[in-house]
Amino acid sequence: MAETLRFHYEVDGNNFTSAGAASVEVKRKLRQLGFDAETIRRVSIAMYEGEINMVVHARGGSADVYVDKDCITIILADRGPGIPDISLAMQEGYSTAPDNIRALGFGAGMGLPNMKRYTDEMKIETVLGKGTTVTIKVYTNGANKL
Amino acid sequence: MTVLGLKETLNLTVFALPQGERQVRGGYAGDLLSWVMGKAEADDAWLTIMSNPNIVAVATLTEVSCIILCEGVSPDAGVAALAAGKEINLLGSDSSVFALAAQITNLL
Ligand SMILES: Nc1ncnc2c1ncn2[C@@H]1O[C@H](COP(=O)(O)OP(=O)(O)O)[C@@H](O)[C@H]1O
Ligand SMILES: [Mg+2]
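If you're matching them up, the sequences are chains B and Y in order.
Residue 1 is where the first sequence starts when you use this note's numbering, and the numbers rise one by one after that.
Residue 1 is where the second sequence starts when you use this note's numbering, and the numbers rise one by one after that.
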């Protein structure tokens, strides 16, 4: 059985300019590994939304990416404030992002809904005052170099 | 039509054009990045007035063939160089988003 590839990224909570760098890097790696364009697009966009959420709402965090032949799993973990009401947060258009963040084009309240839509599985674990871990999974068609 | 062709036909400003031969097959207009991530398709021309560095990552991830800054907006400092480095085509136009979208629609 093929080995799982694992990539780890620290996501800087103070840098909006570099936000998304880990997702762009994962996209490049998945392309090298021969995944199809649609899988790459779904994975990297979902990861980007998670990465941005950690920067905007949680002062940064970490992303662990596990790549298998049949499945790509991403665990986004932060030590931010947590999410008080997950079903509210999942609603399209719901956002607590401040005005300065909205001025950059973020804070549309579509990040978590996009993550849900672009992935096959999504799990949010959150503890108020302690942090949030979002796990997303995309199943692949198995046609890749792994 | 190629991005280069679009640039010549519509007399667009070039901020970065590292991949002028890329095809434009459709378009998306919008400034809210999560909407763009959710709706723009690969090979679209993305029309926006958002000029910060994050547009480069969004263009990379969505695989749009170019970003066109409308309404005479210029990229923020460093964004043109960032786009060139990441192989993202970044163009500009004095037209409104509406007017430019109509022109592009007629060309495709
Ligand atoms: N990692 C996180 N930590 C704390 N709160 C979060 C986190 N991710 C999302 N949220 C909350 O969920 C809301 C909705 O998230 P999202 O759909 O990505 O929209 P947006 O980021 O545009 O506000 C956010 O406004 C925020 O209140
Ligand atoms: Mg978000």
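For the record, the hints were derived by calculation from the structure and aren't laboratory data.
Do not take every clue at face value.
[What the hints assert, rightly or not] Each computed DSS-like pair below joins lysine-lysine, with the alpha-carbon atoms no more than 27 angstroms apart:
1. K69(B) / K130(B)
2. K29(B) / K39(Y)
3. K123(B) / K39(Y)
[Stated by the list, open to error] A short, non-exhaustive set of chain B residues, derived as facing chain Y with CB atoms under 8 angstroms:
4. T39
5. I45
6. P84
7. L104
8. Y139
Quick caveat: nothing in here was measured; it's all calculated off a predicted structure.
All C-beta atoms, glycine included, are put in the ideal place defined by N, C-alpha and C.
Structure-based check of all given hints:
A C-alpha spacing of about 34 angstroms is found between K69(B) and K130(B), which places the hinted pair above 27 angstroms, so the restraint is violated. At roughly 24 angstroms between alpha-carbon atoms, K29(B) and K39(Y) fall within 27 angstroms of each other, so this suggested pair holds. Pair hint K123(B) plus K39(Y) holds up; C-alpha atoms about 23 angstroms apart against a cutoff of 27 angstroms. Annotation: T39(B) was flagged as interfacial toward chain Y, and the flag is violated, the nearest CB pair being 13 angstroms apart, outside 8 angstroms.
Evaluation of the I45(B) hint against chain Y yields a held restraint, the C-beta minimum of about 5 angstroms falling below 8 angstroms. The criterion of a C-beta within 8 angstroms of any C-beta in chain Y is not met by P84(B), whose closest approach is roughly 21 angstroms, and the hint is violated. Given the 8 angstroms rule on beta carbons, the hint for L104(B) holds: about 5 angstroms separates it from the nearest Cβ of chain Y. Interface hint at Y139(B): violated, since its Cβ lies 20 angstroms from the closest Cβ of chain Y, which is beyond the 8 angstroms cut-off.
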